[in-house]
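There are 2 protein chains.
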Amino acid sequence: MARDENGALKPGATIGILGGGQLGRMLALDAARLGFKIHIFCPDTGPAFDVSAAHTQADYEDEAALIRFASEVDLVTYEFENVPAKTAEILAKSKPLYPDAHALATTQDRLAEKTFLKNLGVPLADFAEVNSEAELLAAVRKLGRPSVLKTRRFGYDGKGQTMIREEADLAAAFAAIGSQPAVLEAFVPFEIEVSVVAARNARGEFQAFDVTENRHENHILRTSTVPAALSAETSAEALKIAGKIAEALNYVGVIGVEMFVVRENGRDQVLVNELAPRVHNSGHWTQDGAETSQFEQHIRAIAGWPLGSPKRLGRSEMTNLLGDEVHAWQQLAASPGVHIHLYGKGAARPGRKMGHINRLTPED
Amino acid sequence: MARDENGALKPGATIGILGGGQLGRMLALDAARLGFKIHIFCPDTGPAFDVSAAHTQADYEDEAALIRFASEVDLVTYEFENVPAKTAEILAKSKPLYPDAHALATTQDRLAEKTFLKNLGVPLADFAEVNSEAELLAAVRKLGRPSVLKTRRFGYDGKGQTMIREEADLAAAFAAIGSQPAVLEAFVPFEIEVSVVAARNARGEFQAFDVTENRHENHILRTSTVPAALSAETSAEALKIAGKIAEALNYVGVIGVEMFVVRENGRDQVLVNELAPRVHNSGHWTQDGAETSQFEQHIRAIAGWPLGSPKRLGRSEMTNLLGDEVHAWQQLAASPGVHIHLYGKGAARPGRKMGHINRLTPED
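Just so you know, the protein sequences line up as chains A and B, in that order.
Start counting the first sequence at 1; every next residue gets the next number (UniProt numbering).
Start counting the second sequence at 1; every next residue gets the next number (UniProt numbering).
Mixed in with the good hints, there may be bad ones.
Heads up, the list lumps identical chains together, so a pair's fine if it works in one copy or across two of them.
Said to hold, decoys possible - Within a straight-line C-alpha distance of at most 25 Å, the following computed PhoX-like cross-link-like pairs (lysine-lysine) qualify:
hint, residue 1, residue 2
1, Lys353, Lys10
2, Lys10, Lys93
3, Lys311, Lys240
4, Lys95, Lys345
5, Lys345, Lys10
Quick caveat, the hints were computed from the structure, so don't treat them as lab data.
Isolated chain A (complex conformation) (with noise of 0.2 Å):
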């Protein structure tokens, strides 16, 4: 039996990830920790392989290779959210799946997200549909300019989205990003953009990491800090939506929730921006600057173990290493209170993460 008599899965058993990145990587680095033993699916090889006792390297269309995947572990989880449905669907049948399907539809969606989001009545930008030029310039004429087009699905780090300015041509706009199904967002005068990275069990537990202040360049995130420059009721009403979010999508798993903070007569609002089904980048600082770090907790939280404490030990910058960033390695080495983490990656192209820092230092 891989399971305890309350459900929880026992040390020795075999965790199975869909994706094998740096996000995997940590996560199996994490669970073996913890007793377990990581079987990465992925259709390229990829750093969590160099870390795990197994891996399956096949399509994720490839029905007999995910049956066969799914027969060799006790539950799976996913290190990113584009998972195709039906792969989702093919292993949920034999072995848990968390977070499960339904959290991965509405989060792999960005119109689907929303509309969750907005029924929740959670604070978030206006938006619309936008399946043609046409919807395209509807969508304008309501939502005024700035404004961002960005695809419903398979987006990320900036990629798939563009910025509907005062002079730009909205047949070229649409074209920009591949005139797919998309969804216009009203744009976001945000004064500092912040993350919650939370985690719940099946049996509801909730525990959620300081709000953390992240900085991008390029659409990529840079640097994490926290705490975030928010008040403390802003901070609180931050973790209120995490937590809202997370039981409403019955959610099992580490979430990141990225916001935007606007200000407005000198009082703060929340507005989420996007939701993350994983372990987020705007998490790493936890390895080094909490109780626990975000990887064990997704596997804790997975896992139906207790969730660890959340409990930050400081202050904490993460920086990512983007591209040849990482060949400062020497210099990091050298660093005394740098804590490195690389991701065992082969080519240094410009923009990739090949590694991240952590400081910790002292509270005020």
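Using the hints provided, position chain B relative to the given structure of chain A.
Then chain B, alone, in the frame of chain A:
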């Protein structure tokens, strides 16, 4: 090129580890965080296999397998001191071996180790070589009773040793340890047992973690706590001894120096008991209780990286989970402040090291 202009091993390089147990596993996990790949060489399958990029299952005497292994890695280290000298020699011919064959030879033979320590002027208990019953009798006459008879090789966790008490039959005692080449040690009426876990790299940089106090049960380590209950003066003396030993061995890697603290007329004296040319069970607290873990420190040292800070984050206690104590994982997982480390081993045989927990509490 696997090395940079300073001779430091670049991330992406492969480190070979002899031995696939929990120490190899934890080395592999931390090596991965620094971007290294791990190749385990071990005659049996072990828990390190599950977290490593490659493994070779072959005997330490299998020369062809050793040569192939050496050709696939950039350097070699080990997780235990019972690697045959011939194995070390074969590997060292084609790849750097850290700690080197001299350190290995010195520390895997109790007589060689004690002779080295004595010549270095390091305080230790009186000892005598024993190769026969007759030599045992002479040794007991010289060192008195009680005294401890230990095999020169392959002793660990109290295996291969026997106490010579007032009434002991010397022939039976010599037979009890297998009538092997042995060492008789004067019994040390110690107050506490402590250890220094320290690292040295090829540039001669040396860093030691704080002195750790160790409690054994049935010759197996039960708890390690830091700081040890020692005066600042005695602690400094213990650290100084470790530095002297590492220097004299021209040591590269993490070394564990086990010591007895003897209290006489209110004054503490430190006597070296034993050296371990590897990461050490009494250093496991560093995973959650120090700026750098002993595992990362070992990898840094052998890779020619600058050493990390050994600074303590607070007070730590490490407790080994032996045999079926590991089955308390549910309770441990629900205990605030407990960091769980499980080794992914199968059968929880009595006394088998299945995992450990670390508790970190703020400094008084």
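Here is what the structure says about each hint:
no.	hint	verdict
1	Lys353 to Lys10	between (33 Å within a copy, 17 Å between copies)
2	Lys10 to Lys93	within (21 Å within a copy, 44 Å between copies)
3	Lys311 to Lys240	within (17 Å within a copy, 37 Å between copies)
4	Lys95 to Lys345	between (30 Å within a copy, 24 Å between copies)
5	Lys345 to Lys10	between (31 Å within a copy, 12 Å between copies)
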